[in-house]
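Dock chain B with the ligands against the given chain A, drawing on the hints supplied.
Those protein sequences? They're chains A and B, same order as listed.
Quick note on numbering: numbering that gives the first Met the number 0 labels position 142 of the first sequence as 141, and the sequence is numbered without any gaps.
Quick note on numbering: numbering that gives the first Met the number 0 labels position 11 of the second sequence as 10, and the sequence is numbered without any gaps.
A hint or two may mislead.
What the hints assert, rightly or not - Not everything, but these chain A residues come out facing chain B in the computed CB check (under 10 Å):
hint	residue
1	Q5
2	E9
3	K35
4	G37
5	I40
6	D50
7	G60
8	C63
9	A67
10	A69
11	V72
12	L153
13	R157
To be verified - Far from chain A, by Cβ distances over 12 Å, these chain B residues were calculated:
hint	residue
14	S50
15	Q82
16	E112
17	P143
18	E152
19	L154
20	V162
Stated by the list, open to error - Calculated from the model, a selection of chain A residues having no Cβ within reach of chain B, i.e. all distances over 10 Å:
hint	residue
21	R24
22	P38
23	E74
24	S75
25	R105
26	R132
Because the hints were derived from the structure by calculation, they are not lab data.
Computed from a predicted model, the values in this text were never measured in an experiment.
Every residue gets a Cβ at the ideal spot worked out from N, C-alpha and C, and that includes glycine.
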Amino acid sequence: MLSLPQLIEEDVAVLDAALGDLITRSEATAALVIDKGGPLIIERGNCDDFDTTTMAALAAGSYCANQAIAGLVGESDFSSVYQQGVTHSLLVQNVDDQLLLVVIFRASLSVGAIKYFAAGTTQLIANQMVRARERAPDEGMDLVELNLADTSSLFQRREPAQQRAV
Amino acid sequence: MAIINQATRELQVKIVYYGPAKCGKTTNLEQVHANVQNVQEKGKLVSLATSSDRTLFFDFLPIEAMAIKGFKTKFQLYTVPGQVIYNTTRQLVLRGVDGIVFAADSQWDKMQENVESFQNLEENLKLNLADIPYVIQYNKRDLPGAAPVDYLEYLLNNRDVQVPSFEACASKCEGVFETLNMITRLLLHKFINESQRKAA
Ligand SMILES: Nc1nc2c(ncn2[C@@H]2O[C@H](COP(=O)(O)OP(=O)(O)OP(=O)(O)O)[C@@H](O)[C@H]2O)c(=O)[nH]1
Ligand SMILES: [Mg+2]
Chain A
0 MLSLPQLIEE DVAVLDAALG DLITRSEATA ALVIDKGGPL IIERGNCDDF DTTTMAALAA
60 GSYCANQAIA GLVGESDFSS VYQQGVTHSL LVQNVDDQLL LVVIFRASLS VGAIKYFAAG
120 TTQLIANQMV RARERAPDEG MDLVELNLAD TSSLFQRREP AQQRAV
Chain B
0 MAIINQATRE LQVKIVYYGP AKCGKTTNLE QVHANVQNVQ EKGKLVSLAT SSDRTLFFDF
60 LPIEAMAIKG FKTKFQLYTV PGQVIYNTTR QLVLRGVDGI VFAADSQWDK MQENVESFQN
120 LEENLKLNLA DIPYVIQYNK RDLPGAAPVD YLEYLLNNRD VQVPSFEACA SKCEGVFETL
180 NMITRLLLHK FINESQRKAA
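Bound-form chain A, shown alone:
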């Protein structure tokens, strides 16, 4: 299975700058790079009003579901999902096999313009991912010196007595 390459500071800086530039030029509210499996990789812009972790999981699910629907009707040229809202709209644009770009923008902005700017951004991100992959095709992170916390009880159940107290 294709997996996300190891990201180092340089990659994150490039992605961050690409999203920042997109937001400046398109006047979008926020932009995220997410993995198609659901995780949020990086976010930029005015994200405080949105639960971006949940949004990433749902946007990835929605994109993949739409792609599967496109496949069912024999539509192979599928690369984005646009959701029109009253205050905010959403564009989910394919980056590469692994990643998606999510742009949140005021509904008054034109989706055509957003798509236009997003195309440049997805290209920048895709190129950087190619570089990251080439840099270290299968290099993991050096975790040797890291210590694992006691995982036998990482997640603890609240005592039933405490539960009553709440």
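For chain B with the ligands alone, kept in the frame of chain A given last:
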């Protein structure tokens, strides 16, 4: 694959609860959400379900814990819909999975569904089941019609290498945390071993 972001010192792992319809996958997540304590951050439990509370697409619960010192570890818990017809959505939810909890329904009349769901998991995984950490949970132990654990083990946990299994009553939160902690532990150990091998 676990997403490791060296720049932000962040690790994200995806755990999927798999199993036949109504075996209690969603209940597991609800109990974790309601009862977990001492975690850095707990997100909302999002359920994409039908009006009759059956999972349509997935349930999603993000929780953050300090699993490796100095690393932010984000656990993303998902459930699949158990109903046979939703196979495409199960495949979508499995994308990028790091670890699996296979939840079985202990009732005698669910044995065939358990076995079929397990086979379905193997078909849908793009990986060999031996290459991915998983644990098995025998749920609904409280019901009078529950089959003996030995029999469930014989049916579902019969490979060369047996995986950890747990008896549970998810609706009373029994066995829920034991299961989650074990899959977490398998995942983190696999992850650390791999990075040590690569570093060597
Ligand atoms: N008796 C008993 N009932 C349980 C237990 N765990 C879950 N249930 C009940 O079983 C029913 C189905 O549980 P869910 O958690 O929705 O099952 P699911 O596996 O998510 O089902 P799908 O979404 O259709 O795949 C609910 O009514 C639960 O309350 C248990 O340990 N014992
Ligand atoms: Mg469910």
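Going through the hints against the structure:
Annotation: interface hint on A/Q5 holds; nearest CB of chain B at approximately 6 Å, less than 10 Å. The closest approach between the C-beta of A/E9 and any C-beta of chain B is roughly 8 Å, which is under the 10 Å cut-off, so the hint is satisfied. Hint status for A/K35 relative to chain B: holds, with the closest Cβ pair at about 6 Å, below 10 Å. Hint status for A/G37 relative to chain B: holds, with the closest Cβ pair at about 6 Å, below 10 Å.
With a cut of 10 Å, the hint placing A/I40 at the interface with chain B holds, because the nearest CB-to-CB distance is about 7 Å. A hinted interface residue such as A/D50 counts as satisfied when its beta carbon comes closer than 10 Å to some beta carbon of chain B; here the least separation is about 7 Å, so the hint holds. Hint on A/G60 holds. Least Cβ distance to chain B is approximately 6 Å, under the 10 Å limit. Hint status for A/C63: holds, given a least beta-carbon distance of 5 Å to chain B, under 10 Å.
Look at A/A67: its Cβ gets to within about 6 Å of chain B, closer than 10 Å, so that hint holds up. Interface hint at A/A69: violated, since its Cβ lies 12 Å from the closest Cβ of chain B, which is beyond the 10 Å cut-off. The beta carbon of A/V72 comes no nearer than 14 Å to any beta carbon in chain B, farther than 10 Å, and the hint placing it at the interface is violated. Annotation: interface hint on A/L153 holds; nearest CB of chain B at approximately 5 Å, less than 10 Å.
Because the closest C-beta pair between A/R157 and chain B is about 5 Å apart, less than 10 Å, the hint holds. For B/S50, the non-interface assignment is confirmed: its Cβ lies about 19 Å from the closest Cβ of chain A, beyond the 12 Å cut-off. Every beta carbon of chain A lies more than 12 Å from that of B/Q82, the smallest distance being close to 16 Å; the non-interface claim holds. The non-interface label for B/E112 is consistent with chain A: the shortest C-beta to C-beta separation is roughly 24 Å, beyond 12 Å.
The non-interface label for B/P143 is consistent with chain A: the shortest C-beta to C-beta separation is roughly 24 Å, beyond 12 Å. At the 12 Å boundary, the C-beta of B/E152 stays outside the reach of chain A, the nearest C-beta of that chain being 22 Å off. The beta carbon of B/L154 is kept farther than 12 Å from every beta carbon of chain A, the shortest such distance being approximately 28 Å. Here B/V162 stays apart from chain A, with its beta-carbon at least about 16 Å from theirs, past the 12 Å limit.
Every CB of chain B lies more than 10 Å from the CB of A/R24, the least distance being 24 Å, so the non-interface label holds. With a cut of 10 Å on Cβ distances, A/P38 falls inside the contact zone with chain B, its closest approach being about 4 Å. Once the 10 Å rule is applied to beta carbons, A/E74 is consistent with being away from chain B; the minimum gap is 15 Å. With a cut of 10 Å on Cβ distances, A/S75 stays outside the contact zone with chain B, its closest approach being about 17 Å.
In this structure A/R105 is separated from chain B by more than 10 Å, as the shortest Cβ-Cβ distance comes to about 25 Å. Consistency note on A/R132: stated as away from chain B, and its beta-carbon is indeed over 10 Å from all of that chain's, at 13 Å minimum.
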